[in-house]
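Number of protein chains: 2
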Amino acid sequence: MTSQHNVLTLGHTARLAALREKLRETGLDGFIIPRADEHLGEYVPESAERLAFCSGFTGSAGLAIVLLDRAAVFSDGRYTLQLESETDGALWERLHITENPPEAWLKEHAAGRKIGYDPWLLSADALNRFTGAEMVAVASNPVDEIWADRPAPPMAPAVPRALALAGEDSGSKRARLAATLAEAGQDAAVLTDPASLAWLFNLRGSDVAFTPIALGFAILHADATAAIFMAGAKLPPETRAHLGNQVATAERSALPGALAALAGKTVRYDPASMPVWFKTTLEAAGAKLAEAVDPVALPRACKNAAEQEGTRAAHLRDGVAMARFLAWLAESAPSGRETEMSAAEKLLAFRAQGENFRGESFPAISGAGAHGAIIHYRVSPESNRAIKPNEMYLIDSGAQYLDGTTDITRTVWTGPGPAPAAEKDHVTRVLAGHIALATAVFPEGVAGPHLDAFARAALWQAGLDYDHGTGHGVGVFLSVHEGPAGISRAAKNVPLKPGMILSNEPGYYLPGAYGIRLENLLLVQNAMFVEQKRKFLRFDTLTLAPFDRALIEPELLTPAALKWLNGYHARVLAELGPFLEAPVLAWLQAAAAPI
Amino acid sequence: MTSQHNVLTLGHTARLAALREKLRETGLDGFIIPRADEHLGEYVPESAERLAFCSGFTGSAGLAIVLLDRAAVFSDGRYTLQLESETDGALWERLHITENPPEAWLKEHAAGRKIGYDPWLLSADALNRFTGAEMVAVASNPVDEIWADRPAPPMAPAVPRALALAGEDSGSKRARLAATLAEAGQDAAVLTDPASLAWLFNLRGSDVAFTPIALGFAILHADATAAIFMAGAKLPPETRAHLGNQVATAERSALPGALAALAGKTVRYDPASMPVWFKTTLEAAGAKLAEAVDPVALPRACKNAAEQEGTRAAHLRDGVAMARFLAWLAESAPSGRETEMSAAEKLLAFRAQGENFRGESFPAISGAGAHGAIIHYRVSPESNRAIKPNEMYLIDSGAQYLDGTTDITRTVWTGPGPAPAAEKDHVTRVLAGHIALATAVFPEGVAGPHLDAFARAALWQAGLDYDHGTGHGVGVFLSVHEGPAGISRAAKNVPLKPGMILSNEPGYYLPGAYGIRLENLLLVQNAMFVEQKRKFLRFDTLTLAPFDRALIEPELLTPAALKWLNGYHARVLAELGPFLEAPVLAWLQAAAAPI
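Heads up: the protein sequence lines correspond to chains B and X, in order.
Per our numbering, residue 10 is the first one in the first sequence, and the count goes up by one each step.
Per our numbering, residue 10 is the first one in the second sequence, and the count goes up by one each step.
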């Protein structure tokens with residue numbers, strides 16, 4: 010670590026000096042470097058890893074500000090240690106992004122100065138938070154100018170998604186969305202989220218890790234025609250044929266001209282999620298901006314019958330892999346010979362045996378003992394440790410199958426001894442919350458923030474809680490983190506709708522000791538009652554894997570909760586059983602037996 | 010009814026004609042008449058009942074628009090029947106205020122026309138919703154000009170509130186608030202809510218029904234001095250002495266001058282709750298507006314120790330009155346000789362025996378059978394009906410005591426026969442929700458919208474719900490409806506704080522059959538745990554009265570809920586018992602016996 014660290018530091022010292030030289034040449038007093046690409050999404054291609062190039066910090070969320078005489082790099086509590094180890098304290102102040110917000114730091118150290126930013130890498134909302142300095146949009150990113158061996162942008166092909174999997178052709182989707190634009194008096198909408206392009210045009214790609222998207226932009230018109238802006242090399246003939254003659258394609262360089270052609274039109278654009286470049290370019294073109302969220306977000310979240318069927322099929326395969334993995338773990342863990350890394354690799358191998366498997370949906374979190382308490386722990390060769398007998402082990406992982414995306418967390422007691430009472434108490438409270446949410450019934454109009462407390466009540470009664478949301482949206486062979494709905498107090502007030510897929514993942518974390526998280530995916534469905542006066546909704550659990558009975562204290566569950574648990578385990582056994590080899594089936598029969 | 014109706018109609022025809030003549034004289038095409046006074050509060054003095062004067066409609070919420078050739082009066086679902094019966098369909102379109110919003114009606118019938126409004130009677134937010142017409146502020150309200158016998162504004166004295174009851178003197182309160190103004194960079198704040206004046210200056214009054222306030226305005230400065238604008242006749246010498254030399258007093262006519270003196274200052278003002286007159290006057294004066302909620306709202310909601318003690322004492326007295334009433338009702342109801350009105354009068358008489366009683370905190374809702382399903386039912390000589398044997402009876406009422414404000418709803422089965430299973434099922438689900446909220450424990454930061462579902466979950470599980478919020482804030486010898494926090498999906502995201510008093514009133518309504526509502530007041534308190542890592546809160550129930558055991562189906566309650574119910578009943582008996590005469594005590598002993 011030490012020598013490697015020095016080599017990095019040397020590189021970063023020179024890079025920082027070169028960047029400052031560029032800033033001086035262009036008359037700037039500083040520059041903002043967010044960890045973002047031009048789509049402002051979660052996963053970015055290597056060509057957009059400017060923050061890592063400049064500072065060394067490789068975390069998935071962060072931002073640096075480089076002034077001529079000082080520099081700071083900001084990230085959140087997940088990355089406090091990583092930020093310290095990857096960056097050089099002599100070059101960078103390392104700060105917590107919410108405790109020491111970049112906006113306040115800039116105001117303190119650069120009031121009134123000229124600070125550059127790349128208008129492709131900040132949303133209008135993010136830009137507006139930087140007050141006090143004179144913010145200057147650069148035409149060309151100075152980091153790219155000093156990044157001699159910058160990787161080329163990814164050029165993976167965009168491939169058509171079969172109608173049998175998509176469930177609705179692009180023409181129908183575009184007509185639906187175009188009608189909502191027309192109704193709102195909007196002539197066109199800008200789309201900058203590649204997952205929105207993927208859904209709207211029934212395309213998938215492989216430009217970034219974990220999420221099967223093709224990077225690109227689009228304009229949807231109120232007449233249901235559209236234009237995609239994407240390198241021609243990424244659009245093979247069969248994809249062009251799939252898109253049809255109502256969808257034009259052009260290089261990204263054609264985007265400014267296409268926006269200029271919207272002069273006088275009302276164009277839908279989201280200041281929270283889209284690069285501010287779109288705002289300034291549209292305004293300069295004389296377009297009228299209608300600020301609203303991405304029109305794809307809500308329709309994409311409501312999965313149609315084909316997508317629901319595909320997701321169920323993917324969960325069946327994922328459940329088979331999980332059963333094999335958990336059976337293997339139950340046998341292997343007490344030996345103490347397996348590690349966090351070997352376990353994650355084993356699970357990946359089981360999943361890879363499944364039909365339609367296309368990779369993980371995010372980097373697996375495989376944490377034994379105290380590592381389980383690190384909510385976004387990512388095992389590395391340096392952090393890897395043995396999974397020991399008689400401890401807690403948490404694994405949060407997911408897969409991309411061609412027909413669906415999975416995300417599951419289980420927490421197990423490695424044995425062979427019995428689990429202590431405290432662990433059982435904590436796990437059972439988390440499970441009680443999980444079940445309370447899984448069994449919730451609620452009228453139309455209720456949103457995630459109104460349901461979050463169901464998953465916490467059993468913990469709250471003991472003065473306990475967890476510092477993350479309870480649930481996030483999940484796509485279908487798309488992003489494992491998908492808007493617009495979520496189950497958390499901080500989530501938007503988006504009413505839940507039939508077809509939405511959301512995670513149900515309460516937890517509890519005892520730093521230095523262990524972490525607990527129990528996660529299934531839920532599908533929102535209509536709930537039927539005799540003589541009901543309004544529409545009610547309920548959840549159907551998609552994920553199929555048993556919860557570790559060694560960690561459940563039945564007396565802490567209500568009879569209704571215990572009934573749900575036994576019913577769920579019976580269903581897991583019934584659905585997975587036919588696909589399991591004898592030893593795994595025997596394990597599952599015991600694991601899923603009534604409590 | 011009919012002859013009275015004709016007389017009213019005659020008057021209203023002439024009034025409408027006179028108002029239109031006034032509009033023509035001033036070059037206006039129409040005029041907005043909200044049911045509001047200059048404080049935009051819930052209860053208004055007779056002198057501000059302009060909507061009733063013009064239209065005949067006496068409901069507590071509504072608005073009329075008078076054009077030269079047509080007129081409409083709008084109210085909500087509570088008042089649909091009353092609106093039809095009190096107004097003349099030949100003169101007025103009678104419309105539902107959310108289904109047919111006044112803004113849309115105005116746009117349809119008066120696009121581009123000059124529509125007058127009284128800037129004292131509309132907030133800036135309300136005014137801004139009227140788009141499409143040219144909105145013209147009038148200097149003098151034309152309704153007042155045609156209202157020959159308009160009552161004089163109320164002139165009840167503002168009286169000092171004893172420090173023992175207020176718990177904090179005005180100087181300390183003003184210093185606390187002034188510090189928050191200074192911290193926010195605000196030089197002064199406008200106060201237009203008389204309840205804010207009442208709290209800040211430790212004053213009470215009797216200008217309007219049900220809420221012991223003195224109507225007036227105030228300006229609080231960031232140096233903790235203040236000025237009250239109120240008729241001198243309402244400020245007797247002992248009140249002036251009580252206010253001290255840091256609080257100036259002046260006639261309301263001095264208000265424009267006082268605002269003009271704020272030129273160049275930053276003045277806090279709330280566009281949602283304050284008359285738009287303040288905005289236009291401050292802007293014309295050259296003041297800078299800082300839009301923010303009334304700075305008194307949050308501190309007022311967090312009751313100090315003296316206020317909590319007073320409220321508990323008031324609830325003890327109220328509980329004694331409720332026990333006498335419920336015992337009387339249990340004995341009288343099966344006879345069928347009592348009525349909704351006689352019962353409400355009886356309860357009032359029991360309350361009036363209590364020390365410090367000052368009147369009702371709102372008009373009692375006394376509804377037998379199907380009347381109970383009318384959420385805001387108000388019994389009148391016309392609607393009054395007998396309370397019959399073997400039916401449901403709902404009474405929602407409250408009192409103002411000098412030391413505290415109460416609000417309680419009970420739903421009883423009149424007997425003598427047993428309650429049907431459906432009624433018991435519905436009541437027990439409402440009770441389960443009531444108990445789930447009463448026993449909730451939650452961390453700091455949680456707001457009412459996050460807890461509302463606890464009170465509904467048992468109903469939702471059966472496909473049932475209720476169409477009102479679960480809880481509202483309550484003052485201390487102040488308004489029974491007090492912001493800023495509430496327990497409802499529509500409530501503001503105001504985190505609950507220790508000392509807040511909120512109602513807990515889930516219900517269920519079966520139109521044409523019966524209504525159920527079970528309401529206690531809750532006090533937010535700190536919850537203590539061993540080794541807790543963050544601050545947790547819980548509720549303490551203030552209200553003391555048994556729930557009708559004839560309507561409870563114990564098997565529908567969890568053991569924990571039943572334990573709470575039995576504990577609550579034991580507490581009710583222990584606290585009220587010492588004050589009850591033998592027959593009532595005997596009744597309460599039976600009513601509060603363990604289930």
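Bear in mind the hints are in silico, worked out from the structure with no lab data behind them.
There could be a bad hint or two in this list.
All copies of an identical chain are treated as equivalent in the list; a pair is satisfied when it fits inside any one copy or across any two copies.
[Unchecked claim] BS3-like, lysine-lysine: derived pairs with alpha carbons at most 25 Å apart:
hint, residue 1, residue 2
1, Lys542, Lys123
2, Lys433, Lys274
3, Lys544, Lys506
4, Lys397, Lys506
5, Lys116, Lys31
6, Lys501, Lys274
7, Lys355, Lys544
8, Lys506, Lys31
Verification of the supplied hints:
1. For the identical chains of this complex, Lys542 and Lys123 are neighbours neither inside a copy (60 Å) nor across copies (43 Å), given an alpha-carbon limit of 25 Å.
2. Taking CA atoms no more than 25 Å apart as the test, Lys433 paired with Lys274 passes in neither setting, with 61 Å inside one copy and 60 Å between copies.
3. Within a single copy, Lys544 and Lys506 get their C-alpha atoms as close as 11 Å, which meets the 25 Å cut-off; across copies the closest is 34 Å, which misses it.
4. Proximity of Lys397 and Lys506 under a CA criterion of 25 Å is satisfied in neither setting, with 43 Å inside one chain copy and 44 Å between copies.
5. In this homomeric assembly, Lys116 and Lys31 come within 25 Å of each other (Cα to Cα) only inside a single copy, at 22 Å, whereas the closest approach across copies is 57 Å.
6. Within a single copy, Lys501 and Lys274 get their C-alpha atoms no closer than 29 Å, and across copies no closer than 36 Å, so neither meets the 25 Å cut-off.
7. Proximity of Lys355 to Lys544 under the C-alpha cut-off of 25 Å is found in neither arrangement, the shortest distances being 44 Å within a copy and 42 Å between copies.
8. Proximity of Lys506 to Lys31 under the C-alpha cut-off of 25 Å is found in neither arrangement, the shortest distances being 51 Å within a copy and 52 Å between copies.
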